[in-house]
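Engineer: Input sequences plus hints: build the corresponding full structure.
Chain order of the listed sequences is A and B. Under my numbering, read the first sequence as residues 1 to 268, first letter to last. Under my numbering, read the second sequence as residues 1 to 313, first letter to last.
A portion of the hints provided could be inaccurate.
Unchecked claim - Listed next, the in silico SDA-like pairs over lysine to any residue satisfying Cα-Cα at most 25 Å (straight line):
| # | chain 1 | residue 1 | chain 2 | residue 2 |
| --- | --- | --- | --- | --- |
| 1 | B | K25 | A | R119 |
| 2 | A | K156 | B | R205 |
| 3 | B | K201 | A | K22 |
| 4 | A | K138 | B | K201 |
| 5 | B | K201 | A | R112 |
| 6 | A | K183 | B | P199 |
| 7 | B | K201 | A | E68 |
| 8 | A | K183 | B | Q188 |
| 9 | B | K201 | A | E139 |
| 10 | A | K138 | B | T204 |
| 11 | B | K201 | A | E141 |
| 12 | B | K201 | A | R119 |
| 13 | B | K201 | A | Q131 |
| 14 | B | K201 | B | A46 |
| 15 | A | K22 | B | V268 |
| 16 | B | K201 | A | D158 |
| 17 | A | K138 | B | G198 |
| 18 | B | K25 | A | E141 |
| 19 | A | K138 | B | R205 |
| 20 | A | K156 | B | P209 |
| 21 | B | K201 | A | L61 |
| 22 | B | K25 | A | A69 |
Honestly, the hints are just simulated from the structure, not real lab data. As the structure is a prediction and not an experimental result, all values here were calculated from the model.
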Amino acid sequence: MSAPVTAPVEGAVERDVLVRAKQVRKHYGALEVLRGVDLTVRRGEVVVLLGASGAGKSTLLRCINHLEAADGGEIWVDGVPIGFRLADGKLHELPERGVARQRADIGMVFQRFNLFPHRTVLDNVVEGPVQVLGVPRKEAEARARELLARVGLAEKVDVYPDRLSGGQQQRVAIARALAMRPKLLLFDEPTSALDPELVGEVLAVMTELAREGMTMIVVTHEIAFAREVADHVVFMDGGVVVEEGPPEAVIGAPQHERTRSFLARVSS
Amino acid sequence: MADPGATAVGLRPADAELLPQVRIKRWGRWVAAVLVAAVLVLLLVAVSRGDIDYGSVPDLLTQQVILEGLVNTIVLAVVAQGGAIVLGTVVALMRTSTNPVLRAVSWLYVWVFRGLPVLLQILLWYNIALVFPTISIPVPFTGSYLVDQPANALMTGFLAALLGLGLNESAYMAEIVRAGLTSVDRGQTEAAKSIGMGPRKVLTRVVLPQAMRVIIPPTGNDFINMLKGTSIASVIGFTELIHAANNLSSRSLAVMETLLAVAVWYMVVVSVANVGQYFLERHYGAAHRDPSAGIWSRIGGSLKVPPFVRGQR
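Structural biologist: Okay, here's the thing in structure tokens:
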């Protein structure tokens, strides 16, 4: 990884770069969660964020789709400054409605699934395309059925989420995110709330997505998944990136003591 | 380890070896039933010996004045509650907004309209002519008026009661709706945002429908209170049920008979409201519905249980 890029306005300088985070800072009161984080994600790449809880991985992820507003720094996704509008060389803060439009291109899968409990599985997946993108309901339903079949839930279409296991709920959540045809998928500890025997089915779907070329940023503690699927692994600690690179390097031969002790704790 | 059956771990006695079990004799139920029956009999005897003409009650039910009072009671309660739900929702949204000015204003609103007694509020509105003899609301830049009338003509008993009851209730509704909004998990808002929903869609498609499960039971409670609370409007001469009953009995002198007739109407109206609430709750609890129950058993069920118990399910 090279030194942080310091050009004031990025635009679409590098075509293969989808996400570029520059000097991102975030604090809650006196607690500094992110202390100037840089991150680059190329198109089609799977980036896994590793680190102990409290390292700032989830916060960084939530800043990328502006669920949290960063206190400093910039986040560009596909040449668009998240949370801002670029005009006359300045970044103008966007109102919530403008941010919503930016988020439509960025899917997110949550630790606790967050399916809409008052809607059926099919309606959960159809909701975004119909309400946000204005896709005709019939068309959206056809595609939703396709997606649900892909995640192996074709027969659960008319069921309410509370009838599903955690693994099934998470797969619906992935289908819901995919229905928006996102450029980027964010996974915030997608298997941490699952019973151990259900982790595999969710990771299988994610691996499949990665093979198909989906750009993904994944916060997880599944080291095996990181080793096998990630193109790039970022190890964070104390709100900074400690070490990053291909999985063989970061997981296989970590350079920093903090990375080593973390890996030792996780894999034991 | 005196139990002869449990001689070894993992070994269970065959059925034939099971000992007979003696159930608790629930004497208390029989005693209570006898006592209650005795009290009921005594009450019935007392009531039947009273100086009252029960036979006239059914006729009184359908007296012109009483029916007029019934309609007025229902109209006043429905309009006041409906307005309160709309206003209360607006105030609750202000209260939960990020705008500090709106938050402060909504707090003040609830403080004032919840703090004053309803009767006082109704009297203040009814007597507003003493302060503002004419009420004029100009339409800006046109020179014409939306309202331009003497306050005495404008402030009828109905309007004063509507404002007093409705504004008071809107403060309570604001708190009910706020409780509903905050009861919805933050993850729901985040999920809605993550699929690109703007603030309005997040509210109307995701948060409010889920908040309804929390909002409806206390709102049903309040509406039933409102139906009965309209009786306060009798003090300013609005012909709702109580005032109608007083009108009638001051001529016929059948005071208790008329009041009983009115009592019957209140119970009927409140029971209908109960059933309505039950079906509203069913609608918003669709994800948790038991589809096996038939419509009549559901109506019956709706009358059996008090509203808040049902809301907790």
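Engineer: Which of the listed hints are not met by the structure?
Structural biologist: Of the numbered hints, 1, 3, 14, 15, 18, 22 do not hold.
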